[in-house]
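Protein chains in written order, with the numbering used here: chain A, 1 to 319; chain B, 320 to 541.
The set of hints was computed from the structure by calculation and includes no laboratory data. It is possible that part of the hints are untrue.
Stretch-level coverage of chain B by chain A, calculated; a stretch enters the list once three of its residues show a Cβ under 8 Å from a Cβ in chain A [as the list claims (entries may be wrong)]: (1) 322 to 332; (2) 354 to 360; (3) 393 to 400; (4) 448 to 458.
Far from chain A, some chain B residues (derived; all Cβ distances over 12 Å) [what the hints assert, rightly or not]: (5) Leu405; (6) Arg468; (7) Val507.
If you're wondering where the values come from, they're calculated on a predicted model, not measured in any experiment. All C-beta atoms, glycine included, are put in the ideal place defined by N, C-alpha and C.
Listed here are the chains, written in short residue letters.
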Amino acid sequence: MENTNLTLGILLQLCQLLLVVLMAPLLMGWVNQCRAWLQNRSGPGLLQPYCTLRKLFHKDAVLAHDASPLFRMTPYIVFGCMWLAAAIIPIIAVDLPFSPAADVIALVGIFALARVFIALAAMDIGTAFGTLGARREMLVSFLAEPALLMVFFTSSLISHSTQLPHIVETFAHHEFVLYPSLAFASVAFVMILLAENARIPVDNPSTHLELTMIHEAMILEYSARHLALVEWASSLKLLAYISIGIALFLPQGIAGVGNWNALPLAVAALLLKLVAAGAGLALLEALIAKMRIFRVPEFLGTAFLLAVLGLLIHFLLGA
Amino acid sequence: MSIPFTTQIIYLLASILLLVAFAMLSQRRILSLINLFAWQGLVLSVSTFVVAYSTAQHHLYYSAVLTLLLKVLVLPWLLHRLIRKLNVKWDVETLINIPTTMLVGIALVIFAFNLAAPISQLSESITRGLIGIALASVLLSLLMMITRRKAVPQVVGFLAMENGLFFAATSATHGMPLVVELGIALDVLVGTFIFGIFFFQLRETFDSLDITHMEKLKDDNS
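My request is simple: use the sequences and hints to build the entire structure.
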């Protein structure tokens with residue numbers, strides 16, 4: 001019995017690995033499609049990201065003369081980091097064999113590792129735009145990271161664990177309680193999500209206007225399969241962040257420990273939540289205007305403030 | 320969890336109250352500031368209503384309705400009329416460094432929570448943890464009054480401070496006698512009228528609502 005459970009767990013883990021990597025471009029396509037609809041355009045269709053990836057993989061890569069091995073390694077490292085991150089977040093079932101590998105703090109570390117490498121690669125070529133993008137990315141992320149940690153600490157304090165499966169288990173399968181501290185944390189998390197995934201108020205993913213771009217400026221030198229991997233990694237990052245949000249704030253419907261019968265329902269619930277989250281993200285982006293880069297510290301400072309307030313309220317009210 | 324559902328709702332409303340206090344601290348536009356003040360009044364009214372429902376005290380229903388009428392409808396309407404007449408509706412105040420103000424705000428919240436902790440121990444009621452939040456929102460409103468230069472935001476800060484005190488009264492002691500509440504409500508209303516007259520005088524004298532001009536009023540001869 002013990003053995004079959006383990007086999008089933010590993011099987012499920014492999015399923016999730018495949019699912020996230022295949023679903024991430026679809027999510028990106030869905031968000032873009034929703035944005036197009038909100039802007040009264042017909043949109044490129046849900047499968048456009050797959051077509052783009054396929055096209056990029058068939059092209060020949062062009063590398064700058066001064067590119068070091070780091071530049072060539074980075075897309076694989078970034079892709080691996082994001083895939084790992086998306087794989088260890090419990091989104092279908094709670095007790096996947098991979099999940100205890102990293103707790104929430106390690107998860108933040110994985111994101112940081114990917115970020116460091118992509119920033120180094122951006123500066124590696126030595127073009128002005130790459131350096132500019134890397135500096136801006138660092139400006140955004142050094143403010144976003146503590147706020148993200150604070151959000152994690154709030155939910156960790158409530159569930160007395162930094163292990164994601166344990167946090168999800170606490171929220172999903174116990175009596176429903178209103179947590180004011182989590183309400184604060186969720187607002188902060190949405191702001192961090194927008195900043196970290198280069199979405200609208202901080203960065204515009206659909207522009208190549210040199211003065212405003214952050215993420216696009218960093219990957220300007222990449223082409224073909226390298227670019228495909230970086231793009232795929234950024235869609236995986238979006239999926240990972242949305243999954244973290246779902247796991248922390250809306251885990252209802254996830255399959256419990258050893259409860260394999262609830263799996264189909266869990267997958268259906270997950271798809272529903274992802275569709276809703278993608279549409280919500282597009283709506284949010286349609287409603288907010290892009291802010292000046294110098295206003296970004298203020299925006300992220302507010303996110304940090306909200307997360308700290310959530311923490312304080314947890315200490316005061318115990319809820 | 321043994322916390323009853325109504326208490327959870329009150330906790331949530333208290334947190335929103337604190338959030339609105341922070342939003343007011345960081346708001347640059349006068350118009351949005353007044354709208355935020357109206358929202359704070361609404362949260363206060365709902366929380367009073369929930370306290371009334373959960374403790375079955377009928378006089379709190381009256382004060383909930385009174386709060387709704389006065390702080391959500393009458394006072395914001397008066398302030399809106401005032402800024403329209405003063406022609407400062409779209410005024411944007413240049414604040415000094417919002418992140419720093421926010422950090423000071425967080426320090427104030429921690430201070431208030433620590434200050435309220437021993438007081439909360441004395442109280443028997445289940446909502447005693449809320450004294451800290453009420454105190455924090457009072458201090459935040461005070462901070463807002465200190466950091467603002469224009470007259471209208473200062474008055475909004477003053478009114479928000481009263482909101483915090485009212486919240487402390489309803490959450491910790493389950494409300495004051497109705498006579499006291501009526502008296503305070505009347506005071507606030509009259510106060511707003513007087514402030515309105517004061518604004519017009521201020522503008523007539525200095526042609527501006529910036530109260531730093533008032534420093535020139537000192538008697539140099541003595």
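Requested in this report: Report the numbers of all earlier hints that the structure fails to satisfy, in ascending order.
Outcome: 2 and 3
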